[in-house]
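Q: Here is how the chains run, residue by residue.
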Amino acid sequence: MSIKHVEEYRDGGLARELAAAIKSVTTREIRLMEVCGTHTMAIFRHGIRTVLPKEITLLSGPGCPVCVTSQRDIDCFIALTSLENVIVATFGDLMRVPGTVSSLQKEKAKGCDVRIVYSVFDAVEIAAENPDKEVVFCAVGFETTTPTVAASILMAQQRKVPNFSIHSAHKTTPAALGALMETPGVAIDGFILPGHVSVITGTDGYREVFERYQVPSAITGFEPVDILTAILMLVQQTAAGKPALENAYPRAVSQAGNTKAIQIMAQVFETCDATWRGIGVIPESGMTLKPEFRSFDALERFDLEVPQGGEPKGCACGEILMGLKTPEHCPLYKRSCTPAHPVGPCMVSSEGSCAAYYRYSS
Amino acid sequence: MKQETVVLDHGSGGKISHSMVSEMILPAFDNPLLATLDDGAELNIDGRRLAFSTDSYVVDPIFFPGGNIGDLAVNGTVNDIAMCGAKPLYLSVGLIIEEGFPTEDLKTILATMGEAAKKAGVMVVTGDTKVVPKGKADKIFINTSGVGVIPPGVNVSGQMAKPGDKIIVSGTIADHGVTVLSSREGLKFGSDIQTDSAPLGAMVEKIIGSGGDVHVLRDPTRGGVGTTLNEIASQSGVGMRILEDALPVKGAVAGMCELLGFDPLYLANEGKLLAIVAPEDADKVLEVIQQDEFGADAVIIGEVVAEDPGKVFLETTIGGSRIIDMLTGEQLPRIC
Chain A
14 MSIKHVEEYR DGGLARELAA AIKSVTTREI RLMEVCGTHT MAIFRHGIRT
64 VLPKEITLLS GPGCPVCVTS QRDIDCFIAL TSLENVIVAT FGDLMRVPGT
114 VSSLQKEKAK GCDVRIVYSV FDAVEIAAEN PDKEVVFCAV GFETTTPTVA
164 ASILMAQQRK VPNFSIHSAH KTTPAALGAL METPGVAIDG FILPGHVSVI
214 TGTDGYREVF ERYQVPSAIT GFEPVDILTA ILMLVQQTAA GKPALENAYP
264 RAVSQAGNTK AIQIMAQVFE TCDATWRGIG VIPESGMTLK PEFRSFDALE
314 RFDLEVPQGG EPKGCACGEI LMGLKTPEHC PLYKRSCTPA HPVGPCMVSS
364 EGSCAAYYRY SS
Chain B
4 MKQETVVLDH GSGGKISHSM VSEMILPAFD NPLLATLDDG AELNIDGRRL
54 AFSTDSYVVD PIFFPGGNIG DLAVNGTVND IAMCGAKPLY LSVGLIIEEG
104 FPTEDLKTIL ATMGEAAKKA GVMVVTGDTK VVPKGKADKI FINTSGVGVI
154 PPGVNVSGQM AKPGDKIIVS GTIADHGVTV LSSREGLKFG SDIQTDSAPL
204 GAMVEKIIGS GGDVHVLRDP TRGGVGTTLN EIASQSGVGM RILEDALPVK
254 GAVAGMCELL GFDPLYLANE GKLLAIVAPE DADKVLEVIQ QDEFGADAVI
304 IGEVVAEDPG KVFLETTIGG SRIIDMLTGE QLPRIC
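Chains A and B, in that order, give the protein sequences.
If you're matching positions, the first sequence starts at 14 in my numbering and goes up one per residue.
If you're matching positions, the second sequence starts at 4 in my numbering and goes up one per residue.
Next up, chain A with everything else stripped away, as it sits in the complex (with noise of 0.2 Å):
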């Protein structure tokens, strides 16, 4: 079951001669955290623990954008929902993001106008088919989403769409990476970092963080093959003590990455300090609209009565992200959070690592 080109990234063979050599080069217990949401699930469907050696652990990091996502942002989104005459646009996995009192997809339930589109050029379409509405696009996600948001207000402004505007949430990955290293407590040995916000930063977007804190990287793919080869990389790195900056992906990502997208990105967003769901401010981390934008930003155009939430109690979504606690250590998990009643954002999207946990654990 695949498509013609990743044949060759799923084969067996291969799978089982590369698990073979990270375990003629284990030596030691190692921590590896994968970044990326994409990862945690891949390496999930693909069934890569069960033939890894037993040394070696792999926890998931807070590369799943949603579950990043500030309880306030999502209150936010919420919150749009009930103004007069705004149609709210989101990707789907924000849909059943639990915010204090309501999520998105209640808020639907209850009549209001909130719809899943599949490209933020969707919801640009929605706006310019109903210019005697408002339609706000629910702006969540790394590298990989941000150009393209970023390519939208190009194109309402020059559509001349003034009915659209976004509320970003965006963040950028390799802050976080910086932030986790300086979070005491954090142990890893070496990171998995991701295929397709690489593909934007290219390798050059990570040497930075890569420099100052000398961890073991590899930026890989999402089948087997490319995971195994990226965990091969970074266990040899390991064992030699030399800790570099690989890339297993090179079929996707240069060194400069995508200068267009970093070009459109740089035009229309700026860095801000963002909160991140659990771990707090990160510096520097976050992506907003530079003032020549600002006219599409939801929170200029429209006032906003926000709830006043913190995150819920007991959840531990945020020790999950960094790759100190593993799901089954969450006091909800499984108890009161299940996909079917989510508490956290990690057990609603498709991505985030609770609920791949529950979905694939036995």
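Some clues are possibly wrong.
Stated by the list, open to error - One side only, chain B facing chain A, incomplete, derived with CB under 7 Å:
1) Val10
2) Ser15
3) Ile19
4) Ser20
5) Ile100
6) Arg244
7) Thr320
8) Ile321
9) Gly323
10) Ser324
11) Arg325
12) Asp328
Hints listed in this document are in silico derivations from the structure and should not be mistaken for laboratory results.
Backbone N, C-alpha and C define an ideal beta-carbon position, used for all residues, glycine too.
We have chain A already, so just place chain B on it with the hints.
A: For chain B alone, kept in the frame of chain A given last:
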């Protein structure tokens, strides 16, 4: 149900749908025929065994590559009856139409239903039509109910899977789900994928006629093969092992799933069945399925085991394993 209102997840066919069925619907109608939770009810009337089933169709869009809501509505109920081991005979059709719906479209849908009924060998013998004001329904909804006769000696049910049994799927999976998703407004991908909607009565007749020891027949519609296998595993109190390499998925379907972040194991099929068969008869049953018009790509995808009752495991291509859980929530596309 902790929710105060019904949400779309309640209709996903996954976990939340099941909790609604067990917590709200079963207690309201409390009876042993309903409680079996098979695709249709088995009725015993003066020694004659009838299969009786109903289903409503609200697909969006109503026209999609390879079919429309009409043939879906006929084939869906025909197949639910067939999965009781029965020969489908008679259908009812209920139409709920939104004011302003084009009569041309209605004619097309009815003509498709007529052809589908003919092909399935069933007669539409009763019906009802309601029209609701514009905006009170979305274009057209169709309900079909049907009855069929279960031949003497036939005894299939989701409760009868036994350790050692082989699991057969009658063809490629996820075709219908991917077709509807990709033709839904907002997903503008060109593709030659089309629905697999088809009547499976003749295939079931061949399976029964083969004399093989067939324990379970089920069509993996909403919720897909993954959810259906979980239902059977828990109904029968058995475990299952599925081989990833054996799962038949068309290249274009697999590609679309990759792109959108869907797992083909959870996408709907409308012309496929799962047959769970005693091991000694598996090859014989597989052969008759492959001879059927809609079964050329049938394969054995795994087996029933005694361990881990109620759970379904997938042995992955790379030699690892993972659990296949029941679908939770509607499958939603990835955002990064």
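Q: Tell me, which hint numbers fail for this structure?
A: Checked against the structure, the hints that fail are numbers 2, 4, 5 and 6, while the rest are satisfied.
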